[in-house]
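Based on the hints, put chain B in the right spot on chain A.
One-letter residues, chain by chain:
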Amino acid sequence: MPADPLMPILDRKLVFVTGKGGTGKTTVASALALLAASRGKKVLICEIDAKGELAGYYEAPPTGFKEKEVQPGLFAMTMDTEASLREYLRLQLRIPIVGRIGPVAKAFDFLAAAAPGVREILTVGKLCFEVRDGDWDMVVVDAPATGHIVGQLAAPQAVNGLVKVGLIRNQTDWMLEILSDPAITGLLAVCTPEEMPVIETIELAVRIREETTVQLAGVIVNRVLPELFGRQEEAVFEALTAPGPLAELDGLVDGDAGPVLEAARLAVTMRRTRSTHLEHLREGIDPTVPMLYLPFLFARSHGLRTTRQVAESLGEELGY
Amino acid sequence: MAARTPKAKVAEADVPAPTMDSLLATKEIVVACGPGGVGKTTTAAASALMAAVNHGSKVLVLTVDPAKRLANALGLDGIGNTEHRVPDSAFRAAGVKPRGELWAAMLDTKESWDSLISHHAPDDQTRDEILANPLYQNISGRFIQSHDYIAMERLYEIHSAAEYDLIVVDTPPTRNALDFLDAPERLADFFSSRLLRWLIVPYRSKLINVATKPFYQISDRILGTEFMSDISEFFILFQTMYDGFVERSKAVGRLLSDRRTTFVVVSTLEETPLREAEFFAEELTARKLHLGAIVLNKVLPDYLQGRAGAKVAEAMKDRAEDMAAVLAPVVGAGDPTLGDPAQIARVLTEVADSYLNFQVVAVREMEERATLAVTPDVLATVPFFDTDIYDLSGLLRLGEQIWS
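These protein sequence lines map, in sequence, to chains A and B. Letter 252 of the first sequence, counting from 1, is numbered 252 in our numbering, and no numbers are missing. Letter 250 of the second sequence, counting from 1, is numbered 1250 in our numbering, and no numbers are missing.
The following block holds chain A by itself, in its conformation from the complex (with noise of 0.2 Å):
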């Protein structure tokens, strides 16, 4: 029975992209973003885990903790714990720093590499900062991968857990707020339909529902390949691979048309271990959270052409 439909996802102001690695979330991310700004947003989108990649996309130069704009209305940056520690302590604590103080730095090291949470708060709360102070419509975040996208959107209530008063625990109740409004946030889980991406979607879309307040807005998947035949249609390419057909096609291309009709084959072959996948993911998944589907490119490279290509897609998917 359907429920209310849920927020649609372009109407977000914060939306984090997951996957497994492999599974495209960084294209899918970067079109999402493409797609808000292309539709009149000012949309920040940021990378966390800082490769760097995410510039490429849109054909830009490699973006640093301060956005820069990429395509018009859309402005890129790459999450810097410790810009934002020194960014939180001038404008939220009024402590400022100046350059690099030797304890300061070390005593960051530290807290980063000891202190649970601290790491991952500082990187969802400059991300909740934008959403509630910055001048955006929409902030998209190029998140961490489905291995470790739990633990970033529970860190709030972990450092809840954790830390009882201090600045710090003032501040995790406004993130939170933020977080768990699906009004505002939603998480995009993006997925091909393979054994182990189905998998690992499935779990996250429980954890995201036990140990987070986050909502999942969505499952994208990405990859769909094309199906060549109709049930009819298949029983003829059956019939023409026989060896009478074959030969009669051989001669009427005047060469061998055996490697062309196999690659259909295995076409068909991909495809159809891929549906059952699919159909696992489909009972997985709460039917109340839409599904879209982004078909596989067969394209020659990565960059804004393709960027651009899955953006229209998602449009078309979103009912655009």
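These aren't lab readings, by the way, just hints derived from the structure by calculation. None of these values were measured; they are calculated from a predicted model. One or more hints might be untrue.
[Unchecked claim] One side of the interface only, derived from the structure: several residues of chain A facing chain B at Cβ under 10 Å:
(1) Leu162
(2) Ala235
(3) Ala242
(4) Glu262
(5) Val268
(6) Pro287
All C-beta atoms in this analysis are idealised placements derived from N, C-alpha and C, irrespective of residue type, glycine included.
For chain B alone, kept in the frame of chain A given last:
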């Protein structure tokens, strides 16, 4: 026996060129590493299986997070941290009689940390206090780098017990593929850092000097005194294990650079994973670690390459209707319902389009492979399997591809 070892190619100087076969026969530890989602776990399992089948060795595959069906195939379902022998029945079902033994174990981070604490704790009371400490529970469960360290630590422990001829370990998915290499050293650094020593002096009673004052002021304001004293207490307990930990993490580091250890970098030919794998391979070499092999997984078949196939596909597409008219009586000879020319034309067009689409990807993969900047001893290519690998026969098929 279903799996046979091809004869090693003999190079000009009469020195056999290394193969995956010789690598697995001569090393004691194989670390499978690389970006996420490329088939690291399956590659590690297939390599271990081949060594058990062909070399008569006692082999352990230590895996981090296997797919459920793969875990089932290895008999790992629900057994966690303990080592477990893959039963003969599983081999019989796959139609092979192994010369050696295959053992498997899964890494349970929490359990491994607990056993490490038990090992290093000076007495039962300290052990219990640490295990019950909320900070410890957070660190062992959630602290991201703890996975990296504990995987290597566990490897060291198993290797020291000298129960296996070969241990194949699959590395945890990390944010950065290098994290697990640095983990032992980072842990040692961490325990010997001056900051830690400041903290170990019971909180509040310490002499606050000019250098440490800002640290305490800021920490206090951010985290609150109570939490700071919790941290302090935790590290006082940990201090009792300091020497053991530092010594141990150094030993783990030495084991990784030992001649008996080799690294196998796994990747696909997609651009992003491949660049990451390449960076990793370069880094291994720079650290004087042994780069044994690069395994390229999920490579599309060769028949997708070449002008000839493309020409055939283009012809099929351009003249689909003419061809369908000629083919209709032949295709429909057995079953007239299959002889509809319009339908045959549609099938021909779909088939041709699909070939041309996949060729774009296959050609790109080939180019990526040609630009691979590192040269390992062994470069293995594994074709795309049209079904998932979830049993020993599947692992054997994969293993034979890696082997040859």
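Here is what the structure says about each hint:
Checking Leu162(A) against chain B by beta carbon gives a least distance of about 6 Å; that is within 10 Å, so the hint holds. Hint status for Ala235(A) relative to chain B: holds, with the closest Cβ pair at about 6 Å, below 10 Å. Below 10 Å, beta-carbon pairs count as interface contacts, and Ala242(A) has one with chain B at about 8 Å; its hint therefore holds. This hint holds: Glu262(A) has a C-beta 6 Å from the nearest C-beta of chain B, less than the 10 Å allowed.
Taking 10 Å as the C-beta contact cut-off toward chain B, the hint placing Val268(A) at the interface holds, the least distance being around 9 Å. Violation of the interface hint for Pro287(A) is found here, the shortest Cβ-Cβ separation to chain B being roughly 23 Å, above the 10 Å cut-off.
Consistency with the previously given hints fails for number 6 only.
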